[in-house]
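Novice: Sequence:
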Amino acid sequence: MVIPAYNEEAAIQECLDRIFEQIDHIDEVIVVDNNSTDATAAIVAAAQHREPKVRLVKEVAQGCAPARSTGMNSATGDIVARIDVDTKINENWAANIKSFFSRHSDRYAAATGTCTCYDLPFQGLFASLQRKMNAKNEAKLERGESIAAPGLFGSNMAILKTAWEDIKSALHDGEDVHEDTDLSLTLQSEGLSCAMVPGMEASISGRRYLSPVGSYWRYVLRGPRTLALHGKRLSAALGTFAVAATAMPFYLLMWVPFRAWDPERESFSLGRLFAGAERRPQPRAHV
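Numbering-wise, the working numbering puts 104 at position 104 of the sequence shown, and it's gapless, one number per residue.
Quick caveat, the hints were computed from the structure, so don't treat them as lab data.
Incorrect hints may have been included.
[What the hints assert, rightly or not] Cβ pair distances, simulated, as ranges:
no., residue 1, residue 2, range
1, A45, E145, 31 to 37 Å
2, S102, A245, 38 to 44 Å
3, P212, E91, 23 to 29 Å
4, S169, S102, 25 to 31 Å
5, F20, A244, 42 to 48 Å
6, Q48, N73, 17 to 23 Å
7, G77, G144, 23 to 29 Å
8, P249, I23, 41 to 47 Å
9, A244, E14, 32 to 38 Å
10, A245, S267, 42 to 48 Å
11, A242, S128, 41 to 47 Å
12, S102, S128, 25 to 31 Å
Just so you know, even glycine gets a beta-carbon here, dropped at the ideal spot from N, CA and C.
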């Protein structure tokens, strides 16, 4: 299991605690410290005394992609899961990943799961839709039908180590690409399939939506850039249009409710809106 981390002292302990609840199904937990200047590394070092399966490695090249790659290269297992520090894995997550690949590694080289945001409002509808999709995928698996996913979600994914070794040299390390999209497209170019696995659900932070408008704009444009890097120029053009027509309008529409939402009280607060919520470093914008 690989977890890239940059200045994540506020979240790393809870992340590890949730993993420890499933540690019997996990061979190793590799936290990649990507030049953190806070207590992230110290917290992980302390966790090593509690759980010997925890490993702390260092990556000095700044960015999510190089940190991820260092963790993947350091992993020794046949299956390498990867999450972000703000990912909260669901019960039986690790066991379900192992079970899936024990039955379907001949058909799928990688897996991803659905996610909702634990610190944003209006998640009930998304969760309901995802439960229905996962139920359908479970039925498809029983019938031997495809549950192929269009791509991997970096906050909640797993990949066969053999597949990683096959494609890692073709990946891009730049911060102007979506590293999970790059990984997904590279797998596809090698004829390797990804699955949307029922039972691999997790929840994540919606902090990306709380970033300044310019930062969010630059972030979502990484998608079309990544497509262009893979020679998919029509898809890149359509992606740029989608960013302008859907992603940015949604961001602006949700600007007030997302910032006014208090996830601890699960209610809206004008005081929170005007005071501004505490911001943590963005996991893919290590600057």
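Novice: Between P212 and E91, does the C-beta distance stay in 23 to 29 Å?
Specialist: 36 Å Cβ-Cβ, so the 23 to 29 Å window is violated.
Novice: Can you tell me whether the CB distance of A244 to E14 sits inside 32 to 38 Å?
Specialist: holds (36 Å)
Novice: Given a hinted range of 41 to 47 Å, is it respected by the beta-carbon distance of P249 and I23?
Specialist: Holds: the Cβ-Cβ distance is about 43 Å, inside 41 to 47 Å.
Novice: Measuring from beta carbon to beta carbon, are A242 and S128 in 41 to 47 Å?
Specialist: For A242 and S128 the Cβ distance comes to about 24 Å; the hint is violated.
Novice: Indicate whether the distance between the beta carbons of S102 and S128 respects the range 25 to 31 Å.
Specialist: holds (30 Å)
Novice: Could you see if the CB distance from S169 to S102 stays within 25 to 31 Å?
Specialist: Since the Cβ atoms of S169 and S102 sit about 28 Å apart, the hinted range of 25 to 31 Å holds.
Novice: Just to be sure I understand the hint, the distance between the Cβ atoms of S102 and A245 should be within 38 to 44 Å; is that true here?
Specialist: About 42 Å separates the Cβ atoms of S102 and A245, which means 38 to 44 Å holds.
Novice: Taking the beta carbons of G77 and G144, is their distance inside 23 to 29 Å?
Specialist: holds (27 Å)
Novice: Does the Cβ pair A245, S267 satisfy 42 to 48 Å?
Specialist: Cβ of A245 to Cβ of S267: about 32 Å, so the range 42 to 48 Å is violated.
Novice: For the range 42 to 48 Å, tell me whether the beta carbons of F20 and A244 fit it or not.
Specialist: holds (43 Å)
Novice: Could you tell me whether the CB distance from Q48 to N73 stays inside 17 to 23 Å?
Specialist: About 20 Å separates the Cβ atoms of Q48 and N73, which means 17 to 23 Å holds.
Novice: Taking the Cβ atom of A45 and the Cβ atom of E145, is their distance within the range 31 to 37 Å?
Specialist: Once the Cβ atoms are compared, 46 Å apart, the range 31 to 37 Å for E145 and A45 is violated.
Checked against the numbered hints above, the structure breaks hints 1, 3, 10 and 11 and satisfies the rest.
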